[in-house]
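Chain B: place on chain A using the hints.
Sequence lines, in order, name chains A and B. Under the working numbering, residue 510 is the last one in the first sequence; the count climbs by one each step, no gaps. Under the working numbering, residue 510 is the last one in the second sequence; the count climbs by one each step, no gaps.
Simulated from the structure, these hints should not be mistaken for laboratory data.
Computed cross-link-like contacts, DSS-like style, restricted to lysine-lysine with a CA-CA straight-line distance of at most 27 Å:
1) 303(B) x 303(A)
2) 331(A) x 418(B)
3) 303(B) x 418(A)
4) 418(B) x 303(B)
None of these values were measured; they are calculated from a predicted model.
Listed below are the residues making up each chain.
Number of protein chains: 2
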Amino acid sequence: MRAAVMREGKLVVDTVPEPEPGPGQVLVKTLACGICGSDLHVLRHVGRFVEVQERSGSPFTMDPRRDVVMGHEFCAEILDYGPGAQRALPIGTRVCAMPIILGTSSLATVGYANDFPGGYGERMVLTEMLLLPVPESLPTSLAALTEPMAVGMHAVEKAGPIADDVPIVLGCGPVGLAVIAALKLKGIGPIIAADFSPRRRALAEAMGADVVVDPATCSPYQRWEELAVPAGVDPRSALTLLGLGPQPRPGLIFECVGVPGVLQQILEGAPRKARVVVVGVCMESDRLEPSLGINKELNLQFVLGYTPEEFAATLTALADGRIQAAPLVTGTVGVDGIPDAFAALAQPERHAKILAEPWREGRLS
Amino acid sequence: MRAAVMREGKLVVDTVPEPEPGPGQVLVKTLACGICGSDLHVLRHVGRFVEVQERSGSPFTMDPRRDVVMGHEFCAEILDYGPGAQRALPIGTRVCAMPIILGTSSLATVGYANDFPGGYGERMVLTEMLLLPVPESLPTSLAALTEPMAVGMHAVEKAGPIADDVPIVLGCGPVGLAVIAALKLKGIGPIIAADFSPRRRALAEAMGADVVVDPATCSPYQRWEELAVPAGVDPRSALTLLGLGPQPRPGLIFECVGVPGVLQQILEGAPRKARVVVVGVCMESDRLEPSLGINKELNLQFVLGYTPEEFAATLTALADGRIQAAPLVTGTVGVDGIPDAFAALAQPERHAKILAEPWREGRLS
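Chain A with its partners taken away, still in its complex shape (with noise of 0.2 Å):
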């Protein structure tokens, strides 16, 4: 089948072998899949990739030095079942699932493996138990998003019991246009979101950021603190630093930038006893000054992914119409266009999220 592929630290366009369903997987055709930040990040540093996997004891490892065929974000069409299944759905449904393949004694991620292409190939092979079924009224390129979208949906959850809080979303790139999102959805705010590109500020609230800063000109915490600290009240008085008296709306900044130094500037600029979400991967050694979290009294809850119920509670929040991710999608492309998309992501100010249709031709549109 004809798949885009990393090889050799390169993405090439190729014919590889087609997948073959074993016990509890399903053959499904790839009908659309995003293409994520992070597999930008991993064709650059793969090396980096698999030893910190390996270093953090994660069961999901590939080998750089053979193919890998990427792509992890996928609404897909089911074609055949491998030997043994349940079949509890009929041929041609369409279909969303966590990218996870579970095997008898061990666990791969679809798009990070050897033996498993993902969906910047024609086909793929899921673990039946996964699939969740696309509703009918559900766009496929909206269903793609179930994967990115889940990610905030999780952030947010991770975030601990909110109340009042007034967040900060640093980064408006996919991830943090998805914690935007599911604050939204949660009714939680203002949201104040942060990003340098005019575009990615539209749209941010285009996906419902109240307020939105470009960082080269304001603050994003002095906007927390315009919208969190009660009017006659001085954060930093004794008063108030003692808890006497009416208090601040607490801080919960997300960190969707994911590169070294922003860590250091949230503890600089964050207030006293916020909570901080990283949720952008930063793959780089990073520095930063533990006394400044320590007077602030900081938390940082470092989160990956998403649960079962958080991916299939996404899918439904899309196809209802809770989530509105359209505007999200800026771009898609056929399968030898693979490459040129991934080039044309480094650029902020044009494409959010584009969506590879492997089973055609066509360059980016």
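What follows is chain B alone, placed relative to chain A:
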């Protein structure tokens, strides 16, 4: 009055002005004052300490070019009241108090201020409304441990709800020992304590640690796995990682070392989804790999100080014997011996907590 004074980056014994109690304040005689590791830190890095305080928006500031009498872990005796006092406690009452001066519009820390001498001087001024009388039965030397033991109580409180977590305490200086005492008080365990020093490991056992580990020869995370993972369960298996079947008990790590590199070691060693409470104050800039935190979904809670309720509860627990802190006190010293005591505390094999008794002369014993 006589005092050990921080002057131009050195500790000298000299005569300094008598403090005078203002409105709402009380004049006390320092009966005993513990020497805190933070004071050793501040003596070495005073410029950095003040800079980070200011960058954290802290209202507690001092001018390192002027004299500072440190000392914030005290038991004292009421000598006199300032104007307009309520005088709820008779002259001569032994008291403990949070080391905070509540001014009309500002805050100061007793022991880190220019205008309010701390417990390394013969007399101090304290805030009347913060005074807690010391129960008759509690020796002065143990009452002086209220402040450092409250730090441990606060760290355990800030860890959040604790179910059957198996805690690891990294570093068994006074902070780590206070955390062990607070865990023991709450019935949380088994407690794993790690320190390179045999003396400190013995103290950890005396304070209630169930398992002590020399990190030079045995990984505390290995011991955690032996204690927290049910027999027959592979913590790295697909089933366990998906949350199916019996799960390991939660990981809860207390960072009580406070030197660069420890946070990175924790990110590397911690089990998945562990909570990390950062109590040790690392004054330097530090380096770590956020992607390890992401892959394991770790939580880092930075903590500082204690609440008034925790402070009072600690004094009560010391008085009724639920915290047995006597083993912590490894020496006492008169006012002229305080500089030598600072030097002695740099050697972990000799001392844990040295109490200064600035009302007398005398070398370290």
